[in-house]
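K.L.:
These are the residues of each chain, in order.
2 protein chains.
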Amino acid sequence: MENQYETIWKELGLNLENHAGLLGVLSDAYTNIYMAQKNRPKGMEYFDFVVSEIHSLRIKEIYEAKESGRPIVGAFCIYVPEEIVLAVDGVCIGLCAGAEVGSEEAEKFIPRNTCALIKGFMGFKLSGLCPYVELTDLIVGETTCDGKKKAYEIFNEITKKVYVMEIPNMKSPKGRELWESEVIRFREKMEALSGKRITVEGLQKGMALVNAKRKALQRLSALRNADPAPISGLDALLVNQVSFYDDPARFTRMTNELCDELEERVKSGSGVAAKGAKRLLVSGSPMAIPNWKLHAIVEGSGAVIVGEEACIGERNFRDMSDENFATVEEAIAKMAGRYLSIDCACFTPNNERLDNINIMAGRLHADGVIHYSLQFCTPYMMEAFKVEKSVDRPFLKIETDYGMEDFGQLKTRVEAFLEII
Amino acid sequence: MENQYETIWKELGLNLENHAGLLGVLSDAYTNIYMAQKNRPKGMEYFDFVVSEIHSLRIKEIYEAKESGRPIVGAFCIYVPEEIVLAVDGVCIGLCAGAEVGSEEAEKFIPRNTCALIKGFMGFKLSGLCPYVELTDLIVGETTCDGKKKAYEIFNEITKKVYVMEIPNMKSPKGRELWESEVIRFREKMEALSGKRITVEGLQKGMALVNAKRKALQRLSALRNADPAPISGLDALLVNQVSFYDDPARFTRMTNELCDELEERVKSGSGVAAKGAKRLLVSGSPMAIPNWKLHAIVEGSGAVIVGEEACIGERNFRDMSDENFATVEEAIAKMAGRYLSIDCACFTPNNERLDNINIMAGRLHADGVIHYSLQFCTPYMMEAFKVEKSVDRPFLKIETDYGMEDFGQLKTRVEAFLEII
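Taken in order, these protein sequences are the chains called R and Y.
The opening residue of the first sequence carries number 138 in the numbering used here; numbering runs sequentially from there.
The opening residue of the second sequence carries number 138 in the numbering used here; numbering runs sequentially from there.
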């Protein structure tokens, strides 16, 4: 099997030696962080397998999908409407951005003071370590922050396949109109890319797939209300991370199977932490795979993370797309509205997020909220001020990157926080 | 006289002791940097006077304007249409943001990793050192960068008078529509604030004032083409900085008088530097008063700065408003188009700027281009990559803040750059 994957990696132009090193580091980190957990649900075995095959089996699947003529679309943001990609039988995947890789290469193109996620996607590409980006026919960027907005221009010079959707800065009537026109433009782009017309049936199929995925993730989120928590924050985070890479139908089935098991746990009162263990909600910047740093610190200190108010988390699945439409135009208008309800810090103001954090913390019986920002992630770093003022329970603000230099310091801060709550 | 100003400062709630300290530091810096220059045009005496009275006579004028019922509007961006403020007989002023003041206070509200300009305006307000902000009836923000966009939300909690105009991220037809609707909304806001209707006559008056100011600044810019340069970069920068504070009619008159004198200099072949002195174009982030750091370093090293491709500089006056209109609606549509032609790095892409830099460098006979970014100013820091690739002459990239810690290091880099060109 190994040789088969190596053939693909070679064909995609990866740096085989460094890639082998990366997979080794990933595997070690996974063993240390994930496999060391106690009393994990059996349903996590599937996700362990997915991670072990993240650049292998899944890449082969996407490679074959591409060979069969399906368009491959990469993205870095939950504002990219996956329904439209699926409506032309495309594959929509998140691109590598969660590890400190190729920083030196990246800094030849972008400033040192750039958030780890952006440096990550530049670094992965420039050092030939992301098979996903090589398989894409189109990379869909957006204007959610200055860093990504401007880095996409450079990323396009490197890859020649970046397409940018404009997200407005305000949710005004004109902003909504602009965004809807962007969704229409994206529909046309996908039609041109695939050579297929987007039909009501195609959109129904795409929406059903994405909504089912969202519903499974909502189910998982709701099960985390229970005390004791039936699943660790680390494992739930991983499921959310995998939702951006996996085949949507299979992902939904396996997540629902996991949830069946978790329901049994809740009924029987068993869980991953002792009943009464301190429960935390994490809120802020996205955590792309394999960014497990904060969860590892918090859960390594005896608390349990019960929710992620983040793009890789609740913001991705809070709202369903309305499947009740008669025309493509109606579907797109409704879909545009659904996406614009996402409470991203790119909007000014973004007060819905303040409400959503308190609602979520209440539902999950969180004892405290940790606000997590990637360093140089200005929208979330700035919004933390308002979040701190509005959160109705103990609050800790953390700014960090992907490096491990501040691991000890963060652990000390988290432990001190756990002591006061 | 002193007592009269102190009465106003006290009434505005300034911190009198610290304010006296600030004026002392400003005066010392001005003496060291400006008064030490040789062969300055006589016309600069007016601008010396303006700086010496920047928190005194001008504040008294604005205070009296406010007392007489004229609305006072503060802004931090050249996208705020001054014509509309003037059309209701308002006063439009730039707010204090050019010095490292109150950083400790500011960092209670915004992240440490915020650009010096944003930290500056927060710091000036929080430490009670900006009489301008206290005199405003309205502070007009915009969405040109993540930092300002999100900081305005916090600034509004502090001042209760921030109004934000949305600038789109792209210059698409829908983006243009959105921006035009924002200019219309601003017109309504100014009508509500002033209790006056905006009329064709009012707009004609406002536009004539602003266009005359732009024309004077264009004239100044064109005179800097000459070798030897008839005016230093420091002095020309100051004139541009003062254009955001001064009474527009008086400013225009005094700038034109200065230009008359510079014309004589050009004719007689006299200037501030020797003929053949190295000529540099500075391009990038805005330099709010009293940010004279880069100009002081470059000109202290024997070169002369011949242009500022910046918001405090060329971008502010490159395009005139079209005074040929029959209705308010027509005027606003044309004005919106004029503003959207500004090549701010907030747009993606912003390729016009690349062309404009080369056109400007050519016209000014620049021997090299220095790209200047404030640290954490993501749009300009990121765009520097494309600028470097497209600039057709020697190029130096600088990132700095308002502090003096890197003065020596920057001087060494600038001198090394001057040696190779």
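Be aware that one or more of the hints could be misleading.
It does not matter which identical chain is used: a pair holds within one copy or between any two.
[Unchecked claim] Distance condition first, Cα-Cα at most 20 Å in a straight line; then the derived PhoX-like pairs of lysine-lysine:
hint: 1; residue 1: K245; residue 2: K526
hint: 2; residue 1: K415; residue 2: K203
hint: 3; residue 1: K179; residue 2: K526
hint: 4; residue 1: K326; residue 2: K471
hint: 5; residue 1: K297; residue 2: K526
hint: 6; residue 1: K534; residue 2: K245
hint: 7; residue 1: K308; residue 2: K534
hint: 8; residue 1: K350; residue 2: K471
hint: 9; residue 1: K523; residue 2: K350
hint: 10; residue 1: K175; residue 2: K342
Note that these hints are calculated values from the structure, not bench results.
A quick note: this is a predicted structure, and the numbers were derived from the prediction, not measured.
K.L.:
Measure nothing new, just compare the shortest in-copy and cross-copy C-alpha distances for K297 and K526 to 20 Å and report within, between, both or neither.
P.N.:
Cα proximity of K297 and K526: across copies only (17 Å, versus 44 Å in one copy).
K.L.:
Could you place K245 and K526 in one of the four classes (within, between, both, neither) given a Cα distance threshold of 20 Å?
P.N.:
between (39 Å within a copy, 12 Å between copies)
K.L.:
Is it within a copy, between copies, both, or neither that the alpha carbon of K175 lies no farther than 20 Å from that of K342?
P.N.:
For K175 and K342, the Cα distance exceeds 20 Å both inside one copy (39 Å) and across copies (75 Å).
K.L.:
Between K179 and K526, at a C-alpha cutoff of 20 Å, which is it: within one copy, between copies, both, or neither?
P.N.:
The answer is neither: 40 Å in one copy and 54 Å across copies each exceed 20 Å.
K.L.:
At most 20 Å between C-alpha atoms: does K523 with K350 qualify within a copy, between copies, both, or neither?
P.N.:
The answer is neither: 32 Å in one copy and 40 Å across copies each exceed 20 Å.
K.L.:
For the identical chains here, do K534 and K245 meet the 20 Å Cα criterion within one copy, between copies, both, or neither?
P.N.:
Classified as between; 13 Å across copies, 31 Å inside a copy.
K.L.:
Pop the pair K350 and K471 into one bin, within, between, both or neither, using alpha-carbon distances up to 20 Å.
P.N.:
within (18 Å within a copy, 48 Å between copies)
K.L.:
At most 20 Å between C-alpha atoms: does K326 with K471 qualify within a copy, between copies, both, or neither?
P.N.:
within (19 Å within a copy, 31 Å between copies)
K.L.:
Pop the pair K308 and K534 into one bin, within, between, both or neither, using alpha-carbon distances up to 20 Å.
P.N.:
neither (27 Å within a copy, 37 Å between copies)
K.L.:
For K415 vs K203, is the C-alpha pair at or below 20 Å within one copy, between two copies, both, or neither?
P.N.:
neither (46 Å within a copy, 56 Å between copies)
Of the numbered hints given earlier, the model fails hints 2, 3, 7, 9 and 10; all others are met.
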